[in-house]
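Q: First to last, the sequence lines map onto chains W and R. For the first sequence, the residue numbers in numbering that gives the first Met the number 0 are 0 to 529. For the second sequence, the residue numbers in numbering that gives the first Met the number 0 are 0 to 331.
There's no promise every hint is true.
Chain R is faced by these chain W residues, among others (derived, beta-carbon under 8 Å) [unchecked claim]:
#1 9
#2 12
#3 16
#4 77
#5 422
I should point out that these hints are in silico values taken from the structure, not numbers from a laboratory. Just so it is clear, CB atoms sit at the ideal spot from N, CA and C, and this is done for glycine as well.
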Amino acid sequence: MKRFAALFTAIDQTTKTTAKTKALADYFTQAPDSDKLWCIALFLGRRPKRAVTTTALREWAAERAGIPLWLLEESYPIVGDLAETLALILPPPQQTSDHSLTHWIDVLRALHDAPQDDRKPRILEAWDQLDATERFLFNKLITGGFRIGVSRKLMTRALAQATGQEEATLAHKLMGGWTPESTSFHALIEAENPAADQSRPYPFYLAHQLDDTPDTLGDPADWQAEWKWDGIRGQLILRDNAHHVWSRGEELMTDRFPEFARAIDFLPPGTVLDGEIVAWDGAQPLPFNTLQPRIGRKTVPKKLLREAPVILLAYDLLEHGGHDQRDVPLADRRAALTTLLADLPEDAPIRLPPTLPFDTWNSLTDTRAKAREMRAEGLMLKRCNSPYLSGRKKGDWWKWKLAPLTVDAVMIYAQQGHGRRANLFTDFTFAVWQGNDLVPFAKAYSGLTDAEFEDITRWVRKNTLQRFGPVRQVRPEHVFEIAFEGIQPSTRHKSGIALRFPRMARWRHDKTAQEANTLDDLHALLAAYG
Amino acid sequence: MTEPVLTFTDRGIYCPAGDFHIDPWRPVDRALITHGHADHARPGHGAYLATTGALPVIRHRLGQINAEDIAYGTARTIGGARVSFHPAGHLPGSAQIRVEVGGQVWVASGDYKTTPDGLSEPFEPVRCHAFITECTFGLPVFTWPSQDSVAADINAWWADNAAQGRASLLGAYSLGKAQRLLSVLDAQQGPILTHGAVEATNAILRTQGYALPDTIPVTPDMDAKAHKGALILAPPSALTSAWARRFGPASTGFASGWMRLRGIRRRRAMDRGFVVSDHADWSGLHQAIKATGAEKIFATHGYTEIFARWLKTYGYDAEVVPTEFGGEEEAS
Ligand SMILES: [Zn+2]
Ligand SMILES: [Zn+2]
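Please take these sequences and the hints and turn them into a complete structure.
A: As structure tokens, then:
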């Protein structure tokens with residue numbers, strides 16, 4: 000554990016990517032194979048099966064620290080991380096040990112089959128042998144969520160440095176449903192031809208935001224334009240008479256979207272499609288909030304299947320006849336995709352979304368203005384001769400979104416953030432005018448700089464009118480421009496509307512509260528864009 | 000029912016019997032000041048009273064003021080109140096203020112820490128009936144490592160940077176924290192450079208006789224890169240400004256009690272966070288409260304609601320006192 004803790008500390012205490020990569024590459028060179036494999040799995044967000052509930056962990060830690068449980072519970076949101084909270088409140092260890100990362104994972108796995116009464120003493124014993132950082136990491140093994148600033152890309156690069164393999168090859172090897180229990184470092188990383196995993200997806204290619212005007216991209220003839228759909232990015236894999244659906248976050252969503260089971264009736268095995276999963280009304284996508292309930296559910300009730308049926312708007316072909324197509328130029332992939340999807344029945348859960356013909360960037364700008372009518376967020380621009388890259392690489396794919404909708408609103412409630420933003424007020428509720436009343440309509444917590452959050456925090460502390468637990472009602476004085484992607488009617492909100500992705504676009508120091516927008520203004524936006 | 004010795008008003012802590020305020024945040028006629036930090040020593044009062052150790056810095060910060068100094072432990076009568084100042088261990092000259100009226104003793108702690116830092120006059124527990132305590136770090140997650148171990152970490156970081164050809168930029172509050180760090184740096188390791196705000200306080204404290212190692216003030220015309228392997232002490236805000244670029248490749252560090260939390264460490268986006276605070280940690284708060292023998296506790300400045308609730312479960316009569324905050328807590 001000391002080596003893993005040293006790796007964590009090295010990564011955590013630098014802001015420089017090169018230093019992080021080097022620390023990780025060193026670890027991949029020096030650590031035992033089983034620790035390396037677990038390290039990869041943990042940083043990709045996996046963890047051993049949970050043997051102890053977090054409720055039990057909290058109780059045991061509070062008891063060991065000699066504090067009431069409520070005090071631990073109050074501390075947790077301020078620290079922002081349960082594993083860290085527990086590590087911080089526990090008294091210093093009385094023993095030392097230097098077992099491997101895998102040893103501690105084995106301890107946790109053994110716990111899973113141990114009698115209930117044995118679990119607490121074993122956890123307390125572990126806490127008593129680990130120093131503060133090791134303890135934090137040990138707790139993380141139980142609670143999960145190793146977000147420590149190691150992106151998939153950074154890890155792939157470190158592995159490439161340590162093994163001499165290509166980053167793209169490694170990125171692909173890391174995809175899919177493997178677990179450290181089901182494979183080995185050798186089989187996953189080192190073996191020439193990794194044991195075929197029929198469900199393994201390809202690394203997604205992610206677009207960059209286009210901030211300049213599109214004429215900076217050069218000749219329009221080199222580019223393909225599509226609508227940018229507002230759904231869930233997904234990969235549909237058809238191999239060996241089975242289908243698999245992966246999200247961009249590498250979550251297996253096959254059971255969540257039973258509609259795609261039929262795909263194997265229409266499409267040959269050895270096909271992998273990339274596209275956007277959207278709720279579909281037969282002619283166009285339904286608003287994103289119709290899709291929302293489908294995302295959280297592992298199994299789908301019939302009623303929901305009827306109300307929010309999904310399809311895949313398939314815009315790319317990554318595997319064809321069992322062959323990897325990613326090096327084939329986009330124009331050729333598109334042609335093959337068009338042929339492949341040409342004869343699908345009308346009610347198939349897969350559709351080929353159109354490409355949008357254009358001769359000049361000006362005419363495309365006009366097209367983009369119609370995106371909201373098409374229930375799209377804007378346009379995608381893809382270079383016709385580009386291969387399908389992995390990760391977020393600049394140059395070939397651009398998202399060219401519509402400017403967001405905006406309203407000016409008054410901040411009326413504030414709440415402290417947690418984690419990175421502990422002791423800052425960062426979560427705000429905004430209101431618009433209805434006569435002389437302020438009606439809350441949106442919450443937002445992003446869009447300001449740290450310095451602005453520090454300013455507003457000082458102000459909130461001095462201008463609190465009333466406290467409701469952690470929420471403070473503040474003097475209605477500050478106006479913020481709230482940007483959002485979409486607007487929908489809602490019966491759950493007092494204002495009668497719900498916004499998509501609301502965020503603070505600007506702090507309008509130049510406006511007084513009286514100059515903020517009204518509820519009528521919001522309803523006008525709803526009528527126009529809802 | 001006896002009248003309270005101290006009351007809480009929209010200007011701050013007030014003593015009706017003596018007609019004075021303690022660390023008021025709006026202008027008053029007569030202010031007793033615990034220490035020179037901006038959230039305690041504010042401009043605009045008619046008369047100031049502070050310890051002999053604290054007053055020079057307060058004068059420097061506030062300019063022309065009508066002020067008088069008082070030695071630690073010396074009693075003085077103001078109206079119907081007897082007041083005295085006692086070391087708070089927060090920074091050189093910092094005080095808790097003891098107020099006695101008709102046999103009732105109340106103490107306003109100001110900011111304090113219970114562990115000696117080798118520079119400030121060590122915290123002195125004062126027996127009282129009611130104790131107004133700060134609780135900036137009044138959560139069980141805040142426990143401080145020993146000063147020696149953090150000093151070793153900072154010196155090791157500095158040595159490592161010097162070996163790699165990097166400057167060490169260390170951010171710390173310019174009054175108190177910076178001098179405390181100075182006093183534990185291993186001056187043999189290389190030159191110590193200071194930002195103007197830090198050096199101004201250094202100069203005052205040196206005149207007062209506090210022992211600080213030699214420092215080189217950073218001036219606009221100096222060749223900052225010529226001081227190889229330097230450690231530069233500066234207020235945190237200077238570290239992210241253009242001012243810091245003159246030193247070339249550098250590693251950044253920040254010394255604060257908040258560095259105990261990983262989330263805040265990451266928000267600061269510094270290479271290193273060192274857990275050093277001039278406020279009491281969780282156990283320090285308890286130790287201090289216990290040592291006063293007080294039954295009535297007022298919690299102010301920090302996680303007041305949680306801390307007061309906890310004190311109640313411990314059998315204390317505890318209450319929350321609202322404070323108008325300045326901006327110090329970020330640098331605590
Ligand atoms: Zn202070
Ligand atoms: Zn203070």
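Q: What are the numbers of the hints that this structure violates, sorted from low to high?
A: The structure breaks hints 1 and 3; every other hint is satisfied.
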